[in-house]
Amino acid sequence: MSVEGFDDRGPHAAQKLIRHALTDRLFHWGLAATVVILLGTAFLPILGWEFAWVDIHWITGILLTFLVLFHTVRALVWQDLRSMWIGMEDLRSGIDLARWTLRMTESPPGSSGKYSLAQKLIHHLFTLVIGITIVTGCLMIVKIDTPWWERDPYWLAEGTWGVIYVLHDLASLLLITMLMAHVYFALRPEKLHFTRSMIFGWITRSEYEKHHDPGRWRLDK
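Mind the numbering: the sequence shown is residues 1 to 221 in the working numbering, read in order.
One or more of the hints may lead you astray.
[What the hints assert, rightly or not] Label-pair distances were calculated between CB atoms; the ranges are:
#, residue 1, residue 2, range
1, Gly-131, Val-77, 48 to 58 Å
2, Thr-127, Pro-153, 27 to 37 Å
3, Glu-50, Ala-157, 27 to 37 Å
[Unchecked claim] Taking lysine-lysine and the DSSO-like style, the derived pairs with C-alpha atoms no more than 30 Å apart in a straight line are:
#, residue 1, residue 2
4, Lys-16, Lys-114
5, Lys-191, Lys-16
6, Lys-143, Lys-191
7, Lys-210, Lys-114
8, Lys-120, Lys-191
Hints listed in this document are in silico derivations from the structure and should not be mistaken for laboratory results.
Even for Gly, the Cβ is constructed at its ideal location relative to N, Cα and C.
Using the sequences plus the hints, can you model the full thing?
The following block contains the structure:
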């Protein structure tokens, strides 16, 4: 899918190609907002910021859960899961990139499909870590008074609660590190076209031809 645009290099190079649909961009920024709110309500009170954080935290957690469920259904039914699979070509490209970065070869690595190996890895890591926070968070909500039930701190054994809290806290700390890394790479000059595509949805045809292998990412997919 494409929309037209023009610059000094001519209409072909400046043609705008859709990389992310509006639905996917709204999901991405909705997920980002909920994660930031959850991290803020989790750690700011520890740093001495006193505010009524509990209700904000669990309500945002429920919203995050629904966002992830929506994305999962959309990915399974309407999107191409193969674009996010890690295959042998991705592994070979990763090895070639490492060798080229370490100056072990003069041959630059080949272009990736729609997503590079690094993008696929960070996606799967976010999936794992956010999944852990959701599962443990849904269990922990039993210990909070809500409009639907009264808290029950004895629903699970004390040792089980300890494991749940440790997993939830470790995943939350890991999320902070991952978020920092994600923002860092998103703001690097050579990655800004990816960031722009997550805001406006498009990349130019010249960017597509420079960074992607048409055989691995067909524009009709």
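request  = Go through the numbered hints given earlier and state which of them the structure violates, listing their numbers in rising order.
outcome  = Per hint list: 1 and 6 violated.
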